[in-house]
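Peer 1: Each chain, written out:
There are 4 protein chains.
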Amino acid sequence: MARGLHAKPETTPERAAYYEDIAPHSMTPLWEVLHTMLRPEPVSAAVPHLWHYDALRPQVLESGNLITAEEAERRVLILENPGLKGKSCVSDALFAGLQLIMPGETAPCHRHSPAALRFIVEGSGAYTAINGEKAYMEPGDLILTPSGVWHDHGNDGDEPVVWLDGLDIPLVSFLSPVFLELYGEGKSFPADRQSGDNMARYGANMVPMGETFATGNSPVFHYPYDKTRAALLEMHRSGETDPCHGIKMEYIIPTTGGPVMPTLSTFMQFLPKGFTTETYQSTAAWIYAVVEGEGRTMVGDETLEWGPRDIFVVPAWLPHHHEASADSFAFSFSDRGLHQKLGLYRERRGNQTN
Amino acid sequence: MARGLHAKPETTPERAAYYEDIAPHSMTPLWEVLHTMLRPEPVSAAVPHLWHYDALRPQVLESGNLITAEEAERRVLILENPGLKGKSCVSDALFAGLQLIMPGETAPCHRHSPAALRFIVEGSGAYTAINGEKAYMEPGDLILTPSGVWHDHGNDGDEPVVWLDGLDIPLVSFLSPVFLELYGEGKSFPADRQSGDNMARYGANMVPMGETFATGNSPVFHYPYDKTRAALLEMHRSGETDPCHGIKMEYIIPTTGGPVMPTLSTFMQFLPKGFTTETYQSTAAWIYAVVEGEGRTMVGDETLEWGPRDIFVVPAWLPHHHEASADSFAFSFSDRGLHQKLGLYRERRGNQTN
Amino acid sequence: MARGLHAKPETTPERAAYYEDIAPHSMTPLWEVLHTMLRPEPVSAAVPHLWHYDALRPQVLESGNLITAEEAERRVLILENPGLKGKSCVSDALFAGLQLIMPGETAPCHRHSPAALRFIVEGSGAYTAINGEKAYMEPGDLILTPSGVWHDHGNDGDEPVVWLDGLDIPLVSFLSPVFLELYGEGKSFPADRQSGDNMARYGANMVPMGETFATGNSPVFHYPYDKTRAALLEMHRSGETDPCHGIKMEYIIPTTGGPVMPTLSTFMQFLPKGFTTETYQSTAAWIYAVVEGEGRTMVGDETLEWGPRDIFVVPAWLPHHHEASADSFAFSFSDRGLHQKLGLYRERRGNQTN
Amino acid sequence: MARGLHAKPETTPERAAYYEDIAPHSMTPLWEVLHTMLRPEPVSAAVPHLWHYDALRPQVLESGNLITAEEAERRVLILENPGLKGKSCVSDALFAGLQLIMPGETAPCHRHSPAALRFIVEGSGAYTAINGEKAYMEPGDLILTPSGVWHDHGNDGDEPVVWLDGLDIPLVSFLSPVFLELYGEGKSFPADRQSGDNMARYGANMVPMGETFATGNSPVFHYPYDKTRAALLEMHRSGETDPCHGIKMEYIIPTTGGPVMPTLSTFMQFLPKGFTTETYQSTAAWIYAVVEGEGRTMVGDETLEWGPRDIFVVPAWLPHHHEASADSFAFSFSDRGLHQKLGLYRERRGNQTN
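Chains as they are written, first to last, in my numbering: chain A, 433 to 786; chain B, 433 to 786; chain C, 433 to 786; chain D, 433 to 786.
One should not assume that every hint holds.
No copy labels: a pair is met if it fits in one copy or bridges any two.
Think about it this way: if two alpha-carbon atoms lie no more than 30 Å apart in a straight line, the pair counts; the simulated DSSO-like pairs of lysine-lysine are [unchecked claim]:
#, residue 1, residue 2
1, Lys440, Lys773
2, Lys659, Lys705
3, Lys773, Lys519
4, Lys440, Lys619
5, Lys440, Lys705
6, Lys705, Lys519
7, Lys773, Lys705
Source of the hints: derived by calculation from the structure; they are not laboratory data. Quantities reported herein were computed from a predicted structural model and do not represent experimental measurements.
The shape of chain A in the complex, shown without the other chains (with noise of 0.2 Å):
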């Protein structure tokens, strides 16, 4: 049997005089925190959390009348993750919060290196604006706003819209590279290309001749869910679920195939009634927001009941299964890209790891 790390040394007064006398010089001795710092599984201060929609859906639309978009930027409720109170994170390296805007709004055009993705949990009619180009949201949607492109947001409608915002701000933070740069005086981009443009030119499987592309992020940024729904029911017509995560798919840069952004990666998922996923475990964090259907996922020791506008999220390395009571759709993203990039990520399905 592999034996564990030894505890730290005793701290005899001949170490601990020696500890004070190298101090001044920045120096301290590794094996006084070894032991925490290397531990033979991931451990995280994150827990297991889940937003009920219907319980927070006043709170949020009262942001509304406490305080006006422009005094606020972005009128958005961070989602914090209990264990880490204070950090502003739903997750050790993400981010999650709720944003309302009101009919008329606009909220000022900027860019930050911070990648964002916004999906659509209530209302139509608003839309984010990428380099100019209107995407208009309907419930469901994906809509992407990646690390340093120009991006503003409106509501032309006449309902409050309510979307999740999902960042990776955590890390980039820690990372240091944080950029902010605001357009103009606050206007809007100016509009080149018409709504929709995106997902003719790189969203049908063909791209304009002779065009070249950057490869990191996608050059679709507006994922309708009618598609989304309407791939998953196809794919699952053919009968290969996948026991652990039902049918899941990942929203893909179809010119590389890869994740959508390098630090985000997403996924809608649909489990059919009735239906038990297998337990999962792995080294990324998972937050969902549920789209219809009801269930519940069994995350370590909690369970965390579950219907339609619901958000939740699993910690890195927790072992978890989802049982749905009804056909359920349930969108989800995750740092499981980044970490596949370097080289870390891991998972545990069932009782196998690899």
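Based on these hints, arrange chains B, C and D on the given structure of chain A.
Peer 2: Just chains B, C and D now, kept in the frame of chain A:
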């Protein structure tokens, strides 16, 4: 001014004797042939040519009476370049033919190392099955049978179906690695997946989570014309037209962004009524199949007048341009991607080479 | 002129009440913290710092008396950034330490998901064995122990050996996927290949025919100083000197051309006597280990005077430049490649950003 | 048992009339030629052949008297495959020739789209200059002049120098994109970098920081024999010998790990005295140039007895094996990488195909 290569040196009696001397040793002097092997610019024996579909159609249909599908294996009329007689090819490296399949016929399942594409010219109700998954044909559809995949054809409908076959057989024969394998006793491949599964699974800007891909060939093998046509028109609405190509899109592998097969690149082009392109020339050969519209293409000194279902070839390095007298859609395939992969593709747009 | 983000909105009593209201639901207002999360340019708590090797050497050697290799697992003194007290790191995402191994000692074999490099500071006769193949150390050598490879150390010589450890532990801890595994009962890994095999097999611009490679890590893991030094001097003879870097070369994976490990980039730099570089700043942090020569590096407002075997850190986004008062060779490692992989690397050369 | 393709159908008078009918329309029936176009396994007209250098040497040297370098542009004797008479090629897609350059001669600078390699057979003191950087030749050295780079030759020494030229001219001619450009008025390219710079800059497992690379061709263009030979012997010491190849290493592009040029793969092989390889066959053709040692190669039914400086060709898909009667080093080049790039490479080792 840069000088050209010397012509071959004078053949003195002494040299002639030497050449005879070395011949039995399987050696010959390079300087006798160098000026034909290395020229300043490409020279091809292939010529521009157009096949008027209406003129050929009766003969194509007559082949259905003349020979059974079983006798013929594949009932195909080769479109042979008049400059390359007896070589069974439409350009130096590519093959084109018209295949006819009558109602109720099937063609046995096989696979081979040459890659093939089918572009549907007329009729519906026939299919190509790739590894057992049937792709039902409509005019304007593109269907791929890449190198090494099992495929068979059939016609479940009640009318003759004709398609254009495009293959890399001349290239693969030249290189040597031609392999052919018949499936069982001429049986069909067992069907595991439903028709349309490939598009749902890989063609909706999503892929099944965790699936990995070989990079050579497209997991999508059926590109329906209605989607292609819609994408071109949508892109046209944004008003960005290429001077040499109009609106020209390349079919891609959605998991790499590259050409659909390593040796065959495929395109659909929209030329609005009245549009005249600038002159273009490239090291690749281009085989066009008109779907809708009419116009003409000037290739070198020749004028090719085309209408629906006509097929024509533009050989390598010949300057050419198009004039559309009606809104026109034209499919084309080419060895462009092959040239690019080998660092050999060059083009000249108007007066600019790169 | 572009305006900055608004400061946080006034906290009215009404709003304060609202914030208390939503807190139990694990929600907090983004607009209270947004201005600290998104700033125009990177801000890091890390500070520039230099460790004078001659001043530290007695203490490093004393650790050999104070604690046995067995007690310590690895006898390492952490070089802790004074701006990041208690975090055991040299920059936000990187770890550096000085490791001492005494004659006759061995350290048990293990593997872990964090990646490590060793840069030899003094002494010879010690080795790191990677999957059983021993790399014998000389000052100035670089040895890699990438994520997941078995490794152990020993000192077969008769003098103490000290090396600089560089790791990505802070990053991997932040992301979660820390794994550690000890080999057998603290045994060494069985030796299959002779010392130097990795360089012969992959480092001579050749590879064994038919061998395929995972792309993440370098199959070469020992880069001897004499070859590195000779390459820099040879390149210097061609007279192409980078204004910001002098002659600076990156160690690469010879089967990809990329950084030696996904999270750690490594460099050797030659600054000729009298050379002063232009100002450079980047989103990455840089840890330098001087091998030969002397000079100074101005980082922000600080001047770091360095000589042989000194170690210093340049935190993210601080403008800095070097002055060499003698022909100087300096090794450095950085998270540059990580930033590049994520599309987050930016640099400013003189007055130009990109 | 799988059946083969039908032989061609009977040519009835009716069919003969039909064939005449369609011929003016540039159409021919595929079923008349299909069985010759698609066969179960590759068939090549090329035959195995060996050129004994000692027997040819007097003739090669005599060419120095017979024709001036200026008259010949390049004084090369083509090694023509006896199965491919009049085609100026050594295998279906490759060219080989012996080039002689006499002391004091120079050959004018040019560039062309076909790619070339030079493998030095005898003599020293000559050079190839690539973009002005001279690579001085010693026997056993490999020098590359990839597609599109300026190159010229000269002999600064006092003895004749002979090398083996390997090119992809037959392939590039077949595909069309042959381009040739002469430099100035037959002048040499200006020398910017010193001899050896390419190896220092890219061949020491390092690259200049920040330099980016086109992926098609190797930035290293001179691979000296002493390094190659040492690597093979070093690798042999670890005792891992390939049953089909002995110790066989491929020259790589150090910034990609791939073959040195897109169409030409290059190898050096060590066969210890007494070693007999297992049978191997592949879709690629192989041209061998023996450096040291002696032995024989059985190709199909032929036995080729070889010694130092002999050259022989193994055509596509012929089973072959080697027997070394002395410690032997043999260089080879091949279109293997081209086949791999196109997904067409297959090999059979002993009795196993894949």
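Peer 1: Can you name, in rising order, the numbers of the hints this structure does not satisfy?
Peer 2: Hints 1, 5, 6 and 7 are the ones this structure does not satisfy, whereas the remaining hints hold.
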